[in-house]
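In case it helps, this note's numbering puts the sequence shown at residues 37 to 104.
Source of the hints: derived by calculation from the structure; they are not laboratory data.
Here a beta-carbon is modelled for each residue, glycine too, at the ideal position from N, C-alpha and C.
Check before you lean on any hint, since a few could be wrong.
Derived CB-CB ranges, DEER-like [stated by the list, open to error]:
id, residue 1, residue 2, range
1, Phe-71, Phe-40, 29 to 35 Å
2, Gly-46, Val-66, 24 to 30 Å
3, Phe-71, Asn-49, 31 to 37 Å
4, Leu-39, Phe-71, 39 to 45 Å
5, Ala-74, Asn-50, 32 to 38 Å
6, Tyr-77, Ser-38, 21 to 27 Å
7, Leu-43, Trp-65, 47 to 53 Å
8, Gln-44, Arg-76, 32 to 38 Å
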Amino acid sequence: MSLFNELQDGIINNWKTIMTIVSTIAILWVVSHIFGDAKRYYTENYNVSESFCDKDSTLPHLRPDALG
Numbered sequence: 037m038s039l040f041n042e043l044q045d046g047i048i049n050n051w052k053t054i055m056t057i058v059s060t061i062a063i064l065w066v067v068s069h070i071f072g073d074a075k076r077y078y079t080e081n082y083n084v085s086e087s088f089c090d091k092d093s094t095l096p097h098l099r100p101d102a103l104g
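Whole structure, please, built from the sequences with the hints as guidance.
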């Protein structure tokens, strides 16, 4: 029972740290899903391939081999 009391005291004393970690993970999870959904929406609705950030799909004036 002593271990349970120590664990309970540790949680009560460190609840701000625990909540900060949980909140940070939740925020990062939500943001990553927002970006994933936005990328999927962009690729589905604008008919772009999944690798639209590749070198071959960049604008011609930004490609190093297009400098002539």
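Violations among the numbered hints, reported as their numbers in ascending order: 1, 6, 7 and 8
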